[in-house]
Amino acid sequence: MPKTAKTGQETTEKSKQPKLTEFRLRGETQKANASSAQMAETCAEGSSKVDEILSIVTSMKADFSTRLDKLLTAVEDIKKELSDCAERVTEAEVRISNTEDDISALRAKVSAMEAKKKALEEKVLDLESRSRRNNLRLVNLPEGAERQDPCLFLEKWLPEALGTEKLQTPLIIERAHRIGPRRDGNAPPRTLIMRFLNYKDKLAVVSAARVQKEVRYKEQRVRLYPDLAAGVHQLQKQFDTVREDLRKLGIKHGSDSPGEVTDI
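Per the UniProt record's numbering, the very first residue in the sequence shown carries number 1; after that it's consecutive.
No false leads were slipped in.
Computed list of lysine-lysine pairs in BS3-like fashion (alpha-carbon distance at most 27 Å, straight line):
| id | residue 1 | residue 2 |
| --- | --- | --- |
| 1 | 166 | 213 |
| 2 | 49 | 61 |
| 3 | 117 | 237 |
With beta-carbon atoms standing in for the labels, derived distance ranges:
| id | residue 1 | residue 2 | range |
| --- | --- | --- | --- |
| 4 | 122 | 156 | 38 to 44 Å |
| 5 | 203 | 246 | 20 to 26 Å |
| 6 | 101 | 61 | 55 to 61 Å |
| 7 | 230 | 97 | 43 to 49 Å |
| 8 | 220 | 244 | 26 to 32 Å |
| 9 | 95 | 72 | 31 to 37 Å |
| 10 | 117 | 251 | 33 to 39 Å |
| 11 | 108 | 206 | 42 to 48 Å |
Calculated from the structure, these hints are not laboratory results. Positions of the beta carbon are idealized from the N, C-alpha and C atoms, including for glycine.
Please put together the full structure from these sequences, using the hints given.
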């Protein structure tokens, strides 16, 4: 009896063991399936995120590529502009250098022409002064005093006004005339210019006028001056301050040539 009961229990326990093992296997299988599903879901999510990241990277790459292309294009344009500017600068430098050379040559020519011009002006002034050396200006002679023949009037009046004893030979006036149009009213009389045929006659008249100091026509005081060129007048104006100082010192002075002041 005891043996039979024991055998039944063993049989029962033996029959329970496969079921327990099967249950355990099912549990493990379910866990494995659940884990596989979770892993599959995780892989799917990871794959989706990777695809999203790849899409973003691709988009960024395309954007960067576009921007880089624009940047490279801009750089090439700048290089081209710089190259053009360099060519223009080189061309400008060449032109400037040529212009400077031309200017230097022109300056040399201008300097030579100015020197030549000055020499010609001095020559013309000398010729004009020589052509006037026989002339005298008579200032403050009343209008109409010379009548119709100024030369004849001067040839008679000058010896009378200066003294015939001071003039060794008869005066011969080559020509004489008033300067400018006739004035109206109480305007001062026009200057009369006379030209002596002989230069010595002119010097004799000047010397006699200096000795006499005052020359008069009737009651009117007149003055005699050399007929100087405009350029000589300009040269003499440079000595105005010197003349003023000489007058203050009481020193008599005169000019032998346009550029000199001498004591008398």
